[in-house]
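> For reference, the chains in residue letters:
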Amino acid sequence: MKRLMTCIECPQGCRLEVEADGTRLISVTGYKCKRGQAYARQETEAPSRTLTTSVLTRGLELKMLPVRTSKPIPREKLFAAMEAVKRIVVTSPVKAGSVIAPDFLGLGVDLVACRRLEKA
Amino acid sequence: MKERQLVIVGGGPAGMAAALAARGAGVSDVLLLERDQHLGGILNQCIHPGFGLHHFKEELTGPEYADRFAARVRGDAGIEVSLRSFAVRLTPDRRVSFLRPGALEEVKAGAVILATGCRERTREMIPIPGSRPAGVYPAGLAQKMVNMEGWIPGREAVVVGSGDIGLIMARRMALEGVKVKAVIEIQKTSRGLVRNVVQCLEDFGIPLYLGHKVARITGRDRVEGVDVVKVDERFAEVPGSAFSLACDTVLVSVGLIPENELLEMAGGEIDRRTNAPVAPEVNLTSVPGVFACGNACKVYDLADWVTRDSELAGRLAAEYLGVSPA
Amino acid sequence: MVRDVIIVGAGVTGAAIARELSRYRLSVLLLEKEAEPAFGVSKSNSGIIHAGTQNPPSSLKGWLCVEGNRLLREELAWDLGLDFARCGQLIVVFDAADLPELEKIKREGEALGVKDLQIVDRRWLDAREPNLGPEVKAALYVPSAGIISPYRFVYALVENAVKNGVQLRTSSRVTAVSRSEEGFEVTAGGQVWRSRWLVNAAGLYADEVSALAGAPTFTISPRKGEEYLLDKKREHLANHIIFPLPSATSKGVLIIKTSDGNPMIGPTAHDTPDKEDLSTTDEGLAEVLAGARRMMPSVDRSDIIAYFAGLRPASGKDFIIRHEDSVPGLVNAAGIQSPGLTSAPAIAVMVADILKKRGLELVPKAEFHRLRPRPVHLFQIPLEETRRLIEKDPAYGDIVCRCELVSAQEVRDAVKHGARTLDGVKFRTRAQAGRCHGGFCTTRIMKIMQEELGLRVTDITKRGPGSELIKEERK
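Protein chains in written order, with our numbering: chain A, -18 to 101; chain B, 285 to 610; chain C, 1321 to 1795.
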């Protein structure tokens, strides 16, 4: 089966034509760089997204700390991840890249801080 | 009055890039004014990814992108950062007055770079008729509420306009458990990046109504819904096409306008339609020694290009000051 | 406890009556259905202090307007620290054939006692009002007209009344009135209040309050007006308030200077059956733009930064200010449409007189606090004065609203003086009233309100219960 998809790896948004048999990629055209090719495979076989959100803090400069998953997670896990994020409170100063939750939800990725935050 | 070599107004991506580039080009004394309590400007609330692919060759979130510049600015002894400092006056001979808690200060600048960013077009500028209840927010304000304060403005939302902030906020609200009923776009195509249509709307099953407009907002105290109608090529309403969507929140994402009130005070020429400085080239203004960069100069769709052009503004200021790299 | 007087409605009329009665040894309760004073008809007022022209010489509203204008100029503006500016008014004609109409307005105005009226020609106008369009042929110049901030006027009256002992209860809609031996029992906001006298200044709902009290003697018919505010950059568009010749039902679409700097164009005038209909329309915008552009063609749609609609509480052609003989003790001040804002101080004196004639003893207080300090607005003062303020109080240097230059201290002052909602802060300080509409300052203002009032963010409203801004807080 053929389908059209838009690569979201970068803001160029290449239109890809993908041929697949269920979740098995057969061919892909239309990409301008090899990340487009990889995206088509990933999107066909196991769509995944980087989650970015913010978590509560206590005693730090800002009320919320922006965080991200260190790598994309399965798309269908986004809402479960959001629920888990709501239970986290960060209380110690962090730097960009500080791990907030290692092996987040057992997905093999870390939840990391996106900025520096000092004590209030 | 204190004299400063270069005064930069605004500590977002534009101001920080201009400050660092000016230093690199030989400016020894930079005063960077930032109205907020942190450097980073609007990037601090842009917690989504999509930044840095060009400048850093890796994909970063807004705060990560800002953090890299902020660290360098803080580490540079030639840049004095004045936080919670709000410039209230600029004269043609580059005297800058600014307020901060406890003081009104005035400095005479050899050169000035305005990196004051932009503001959102509002409901009032389209304008959307109807009532004026609580629950109508510029998308960027909603972004600040959700991302910086942890305040969820509503339960059911309609987004007006498919600019990137609108699309990104549609996803953000959906992730926070808000039912996003629709994105309404008067144009025939989305105004935002294609990737944002895919990963912000399609991922979450949010319908995008192209060629439609919000004809009316209803609800006395809090938004109760919007009336949507299809429009033709000349944006006239198509009879019989109207429908209503119940919602308690309307996010408005209908474009950005450069902030150039300081330049205007200094007598600089401003394009009345775009609110951008009138000048032959990017970063220049009609006032000698006063430069504008980033979204104050023109509205960019990528922060990476803001950085690139603002670095040029820093070098132009150095050239104006007649300095060269040490 | 039985009070002397209950006043229903803390719009400009009720507020002025409260302040007038606060001169005397009386216990006075002021009831307001909205979360704050001035949130009904008064908040949509255009802020014009009329001279008295454009009213029939025999009308009640005509002489109350002339007297109100005098009281404002000579006493209240100073005493209450109001932003009153006597900028004058021009009534323009597009056709020399209309000059007799202008002469008639002049004669009628003079009969009411309006001073210094003058018909001026195009040359006079060119020297003073350069943006007038080519169609304008002549005008009537009315020097005693001026402008004021309508809500800050009401806040000043209420604040001063409260300082002089009047009790204010907001979010208290009157739902029942019954007669008792002493006078009235008024149910409002879930409580029962007793008084000997009842003054009804309930604006759009004055007919309903009068009927509740037993005097269904009139009806209020709302007439909607849409107004459009222009960017402060157009502050010097007009130097006077510019009127066209009036029509049968309204004074027409005007170009109005405001005390905040933003010129305003409007209003429309359309009867509506709905007392809650504050919607604006595409048609209203087109009508207002066309009307304004005929007088000043440089007005552009892109100048508009805000708009709103208000309802005039009309009841026939004139004000209804009277004791209802069928309900002894009930005084109505109703049907107060234009020029109600100007007339309010005179209406207040008239109501006090009616009460006195009917037997309420008015004994002046030993100490009446006539003066109210003028609140600080950074946007109104030169930078040097700002410097002195900041040195005294650092928070004046902490800017919250950048479009209108409003500091954290001003927001705190507003809350201390009674602001309980975001709109209340906006009307008092102008924060959120500029071109970005609160895009930058709203969260900061909400945080200050949380600190000052001890509220949860989910309790903060735009204009009272039902208009909560935030549905859920992560904490």
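Just so you know, the hints here were simulated from the structure itself, not pulled from any lab data.
Since we're looking at a predicted model, the values are computed, not measured.
Hints may be right or wrong, so weigh each one.
[Claimed, not checked] Label pairs and their computed distance ranges (CB to CB): (1) B:ALA526 to A:MET(-18): 51 to 57 Å; (2) C:PRO1648 to B:SER528: 49 to 55 Å; (3) C:ARG1621 to B:GLU548: 16 to 22 Å.
[Claimed, not checked] Heads up, simulated PhoX-like pairs for lysine-lysine below, C-alpha to C-alpha not over 25 Å straight-line: (4) B:LYS341 to A:LYS52; (5) B:LYS341 to A:LYS15; (6) C:LYS1483 to C:LYS1736; (7) A:LYS67 to B:LYS465; (8) A:LYS44 to A:LYS13; (9) C:LYS1712 to C:LYS1677; (10) A:LYS76 to C:LYS1435; (11) C:LYS1712 to A:LYS67; (12) C:LYS1483 to B:LYS286; (13) B:LYS341 to B:LYS472; (14) B:LYS465 to B:LYS392; (15) C:LYS1795 to A:LYS44; (16) C:LYS1435 to C:LYS1595; (17) C:LYS1795 to C:LYS1767.
Even glycine gets a Cβ: it sits at the ideal position worked out from N, Cα and C.
> Now tell me, hint by hint, if it's right for this structure.
Comparing the hints with the structure gives:
Between ALA526 of chain B and MET(-18) of chain A, the C-beta spacing of about 38 Å breaks the proposed range 51 to 57 Å. Distance hint check for PRO1648 of chain C and SER528 of chain B: the Cβ-Cβ separation is about 51 Å, which falls inside the suggested range of 49 to 55 Å. With their beta carbons about 20 Å apart, ARG1621 of chain C and GLU548 of chain B fall inside the hinted range of 16 to 22 Å. A C-alpha spacing of about 16 Å is found between LYS341 of chain B and LYS52 of chain A, which places the hinted pair at or below 25 Å, so the restraint holds.
Proposed proximity of LYS341 of chain B and LYS15 of chain A is supported: the alpha carbons are some 15 Å apart, at most 25 Å. Between LYS1483 of chain C and LYS1736 of chain C, the direct Cα distance comes to roughly 13 Å. Compliance with the 25 Å bound is thereby established for this hinted pair. Taking the CA atoms of LYS67 of chain A and LYS465 of chain B, the gap is near 24 Å; set against the 25 Å cutoff, the hint holds. Restraint check for LYS44 of chain A and LYS13 of chain A: not satisfied, since their Cα atoms lie roughly 41 Å apart, outside the 25 Å limit.
Proximity of LYS1712 of chain C to LYS1677 of chain C is assessed by CA-CA distance (about 50 Å); at most 25 Å being required, the pair is judged violated. Simply put, LYS76 of chain A and LYS1435 of chain C have alpha-carbon atoms about 72 Å apart, too far for the 25 Å limit, and the pair is violated. Between LYS1712 of chain C and LYS67 of chain A the CA atoms are separated by roughly 43 Å; this puts the pair beyond 25 Å, and the hint is violated. About 46 Å separates the Cα atoms of LYS1483 of chain C and LYS286 of chain B, which puts this hinted pair outside 25 Å; it is violated.
A threshold of 25 Å between alpha carbons decides the hint, and for LYS341 of chain B with LYS472 of chain B the separation of about 33 Å lies outside it, so the pair is violated. A threshold of 25 Å between alpha carbons decides the hint, and for LYS465 of chain B with LYS392 of chain B the separation of about 52 Å lies outside it, so the pair is violated. A threshold of 25 Å between alpha carbons decides the hint, and for LYS1795 of chain C with LYS44 of chain A the separation of about 9 Å falls inside it, so the pair holds. For the hint linking LYS1435 of chain C to LYS1595 of chain C, the alpha-carbon distance of about 37 Å lies beyond 25 Å, and the restraint is violated.
At roughly 14 Å between alpha-carbon atoms, LYS1795 of chain C and LYS1767 of chain C fall within 25 Å of each other, so this suggested pair holds.
Checked against the numbered hints given earlier, this structure breaks hints 1, 8, 9, 10, 11, 12, 13, 14 and 16; the rest are met.
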